[in-house]
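Using the sequences provided together with the hints, build the complete structure.
The sequence shown begins at 1095 in my numbering and counts up by one.
If you are wondering where the hints come from, they were derived from the structure by calculation, not from laboratory data.
Even glycine gets a Cβ: it sits at the ideal position worked out from N, Cα and C.
Possibly wrong hints are sitting among the right ones.
[Unchecked claim] Once the Cα atoms are required to be at most 30 Å apart in a straight line, the calculated DSSO-like pairs of lysine-lysine come out as:
1. Lys1275 / Lys1126
2. Lys1209 / Lys1474
3. Lys1474 / Lys1441
4. Lys1209 / Lys1279
5. Lys1192 / Lys1275
6. Lys1441 / Lys1498
[To be verified] Distance windows between CB atoms, simulated:
7. Ser1451 / Asp1280: 50 to 56 Å
8. Ser1313 / Asn1378: 54 to 60 Å
9. His1327 / Glu1354: 37 to 43 Å
10. Arg1184 / Cys1480: 37 to 43 Å
11. Leu1495 / Gly1243: 20 to 26 Å
12. Asn1168 / Glu1354: 33 to 39 Å
13. Gly1246 / Gln1161: 29 to 35 Å
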Amino acid sequence: YIIGKPEDSMDKSNIVTCTAPVNIAVIKYWGKRNEELILPINSSLSVTLHQDQLKTTTTVATSRSFQEDRIWLNGKEEDINHPRIQSCLREIRRLARKRRSDGDPGFDLTSLSHKVHICSVNNFPTAAGLASSAAGFACLVYTLAQVFGIEGELSGIARQGSGSACRSMYGGFVQWIMGQKDDGKDSLAQQVEPETHWPELRILVLVASAERKPIGSTSGMQTSVQTSCLLKHRAESVVPGRMVEMTEAVQRKDFAAFAELTMKDSNQFHATCLDTYPPIFYLNNVSQQVISLVHRYNRHHGETRAAYTFDAGPNAVIFILQQHVPEFVQAVQHFFPPESNGGQFIKGLPVNHAALSEELKRAIGLEPMPKGISYIISTKAGPGPCVVEDPAQHLLGSDGLPKKTA
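What follows is the structure, given as structure tokens:
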């Protein structure tokens, strides 16, 4: 039996760092049937974005010297007693205790009574409508699971942090099955296809503004569930069929079908926001201009080459096949001229330069909106959460506090 280690030592076993991805829903989740357990009124389907461009990184440490659970998000200490953070912590600790009482011989019991310090950073603006809560809670749950030695199904725990977080537990194309049970045990995420399935598919995030959205999605969807009869019709009569069609379109790599369903579902989601009383407007004039640009671009080419989708905010996410990216990006740059000295307009995966034909300019024929789009993030489908092996990447120092970043 080993003599207790010095109070402040943090050996390798009790500090873990992981990263987790953002996901973008193509069949939207909007509305809960159970607020507490975060059970949705319909299933949804999303694409996991690549962590090279967008990710959350989380370090969790446990130590006998920690007095209490603490959490730091993007450099600022936050309230650990937030109900959704507590749900995740409670659930993980419950599973860890269960493993111990099941007499799992490989299970280290020491850390169970220890407090945790959690430090998490996003490499993108948090409230810019880039689904940071999904990546954040997926990363929290995945990292806690590594620390407490929990294996198996984790998406149901992530769901209790943020509904869409359950979909960030997998890479590629992911469905969140709404489930039927009152206890939510069958409301889980499942991979439809891995990130390698459709290599030509590219994703462009058009960041309209990196500001906070006017109405957070939690209160927005509560009001929608209470007041929108269109939302009820959508959940019961529209989404089930679309889930089947979307899954098939992804499996067949049928871009035209995938694209059209994606745009229609985004439009219907925003229609339910307008049908909410009082109405909710997430799209602004830049968003509407992007919608027009996509439809005119597609009409000019006589086929669906680009698709937009919007979450609860003004940023457009564009799905497009790799060979069309250069021309489309040129069109965006032409109709949303960036600030001349505004640094990089295109971040992420490199985009080749393309000429924009006068014919296409005329066909789109919109009034340019200077600075309407701050920048574009060019990315593709990517993997689910992963452990970071390099200890230099830990966000917490040996004292269990966030490392000072230069």
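Tested hints:
1. Taking the CA atoms of Lys1275 and Lys1126, the gap is about 14 Å. The hint holds against a cut of 30 Å.
2. With a C-alpha separation of about 38 Å, the suggested pair Lys1209 and Lys1474 falls outside the 30 Å cut-off, and the hint is violated.
3. This hinted pair checks out: Lys1474 and Lys1441 have alpha carbons roughly 13 Å apart, not beyond 30 Å.
4. Pair hint Lys1209 plus Lys1279 holds up; C-alpha atoms about 27 Å apart against a cutoff of 30 Å.
5. For the suggested pair Lys1192 and Lys1275, the alpha carbons sit about 22 Å apart, so the restraint of at most 30 Å is met.
6. As the CA atoms of Lys1441 and Lys1498 are separated by approximately 26 Å, the hinted pair is consistent with the 30 Å bound.
7. Hint check: Ser1451 to Asp1280, Cβ distance near 52 Å, so the stated range 50 to 56 Å holds.
8. Range check, Ser1313 to Asn1378: Cβ separation about 19 Å, and the 54 to 60 Å hint is violated.
9. A hinted range of 37 to 43 Å is violated for the C-beta pair His1327 and Glu1354, which are about 20 Å apart.
10. Roughly 25 Å separates the CB atoms of Arg1184 and Cys1480, a value that falls outside the hinted 37 to 43 Å.
11. Checked against the hint of 20 to 26 Å, the pair Leu1495 and Gly1243 passes, with Cβ atoms roughly 24 Å apart.
12. Between Asn1168 and Glu1354, the C-beta spacing of about 37 Å keeps the proposed range 33 to 39 Å intact.
13. For Gly1246 paired with Gln1161, a C-beta distance near 31 Å keeps the hint of 29 to 35 Å intact.
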